[in-house]
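Asks: Modelling step: build the complete structure from the supplied sequences, incorporating the hints.
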Amino acid sequence: MSRNTAVQIVDDHGLPGAVPMSTIRRLVQEVTGREVTYRLVRGLAHQDVHGLWAGYDDGTAVVSYPPAPSGTQLVVINHEHGHMLISPDGPGESHGIDPRFARFVQEKVDGIMPGRRVVRSGETLEQEYTPDLEFLYGHTDFSEDEERLAELVGVELSVRVMRHARARGRDVRFGRVFGG
Numbered sequence: 197m198s199r200n201t202a203v204q205i206v207d208d209h210g211l212p213g214a215v216p217m218s219t220i221r222r223l224v225q226e227v228t229g230r231e232v233t234y235r236l237v238r239g240l241a242h243q244d245v246h247g248l249w250a251g252y253d254d255g256t257a258v259v260s261y262p263p264a265p266s267g268t269q270l271v272v273i274n275h276e277h278g279h280m281l282i283s284p285d286g287p288g289e290s291h292g293i294d295p296r297f298a299r300f301v302q303e304k305v306d307g308i309m310p311g312r313r314v315v316r317s318g319e320t321l322e323q324e325y326t327p328d329l330e331f332l333y334g335h336t337d338f339s340e341d342e343e344r345l346a347e348l349v350g351v352e353l354s355v356r357v358m359r360h361a362r363a364r365g366r367d368v369r370f371g372r373v374f375g376g
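Numbering (the working numbering), first residue to last: 197 to 376.
No lab work stands behind these hints, which were simulated from the structure alone.
Hints are not guaranteed to be accurate.
To be verified - For each label pair, taking beta carbons as the anchor points, the in silico distance ranges come out as: (1) 365 <-> 343: 32 to 38 Å; (2) 238 <-> 213: 31 to 37 Å; (3) 362 <-> 253: 36 to 42 Å; (4) 203 <-> 268: 17 to 23 Å; (5) 210 <-> 285: 29 to 35 Å; (6) 199 <-> 253: 33 to 39 Å.
Ideal Cβ positions, reconstructed from N, Cα and C, are used throughout, including at glycine.
Replies: Now the structure itself:
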């Protein structure tokens with residue numbers, strides 16, 4: 197597993213060397229067949245957990261990310277995009293789903309997605325950070341190799357977004373990056 201592998205994956209999806217975040221979002225939606233939204237979860241601030249993407253039966257996917265400097269948010273979100281591009285249907289095989297995860301999602305999803313509605317991109321959820329939420333956000337069903345590859349793809353995607361922003365004389369500020 198190397199950076200070259202990640203570059204090849206990104207290139208195979210037809211992304212140029214400099215690309216706006218909006219193009220990556222469209223690509224991820226095309227690959228997964230899901231409408232992708234993003235949400236900031238304040239409860240993830242200063243935690244060891246980072247991001248999460250979750251697909252729902254209604255054909256949507258939500259990428260959650262913590263409050264952090266814009267560059268960190270960019271890499272966290274693109275790491276999740278990496279998972280979505282590499283494994284659009286989720287991991288190929290289970291690597292140890294904890295039954296607490298399934299139970300937590302069953303019992304508390306309304307706390308994560310109020311009223312089971314789709315959270316609008318850019319919407320902030322004001323949540324207390326609890327051990328259950330930590331479990332949800334720290335949970336992974338991907339192998340260590342899959343995580344490493346998603347990290348490399350996420351960094352490559354982030355580099356391309358930053359190149360695009362710089363070529364237009366802009367700072368890489370999260371809100372502006374999302375706007376393309």
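Asks: Evaluate each hint against the coordinates.
Replies: Evaluated hints:
1. 365 <-> 343: 32 to 38 Å: holds, 35 Å
2. 238 <-> 213: 31 to 37 Å: Since residue 238 and residue 213 have Cβ atoms about 34 Å apart, the given range 31 to 37 Å holds.
3. 362 <-> 253: 36 to 42 Å: holds, 40 Å
4. 203 <-> 268: 17 to 23 Å: For residue 268 against residue 203, whose Cβ atoms are near 22 Å apart, the range 17 to 23 Å holds.
5. 210 <-> 285: 29 to 35 Å: Between residue 210 and residue 285, where Cβ atoms are some 20 Å apart, the hint is violated.
6. 199 <-> 253: 33 to 39 Å: This hint holds: roughly 36 Å between Cβ atoms.
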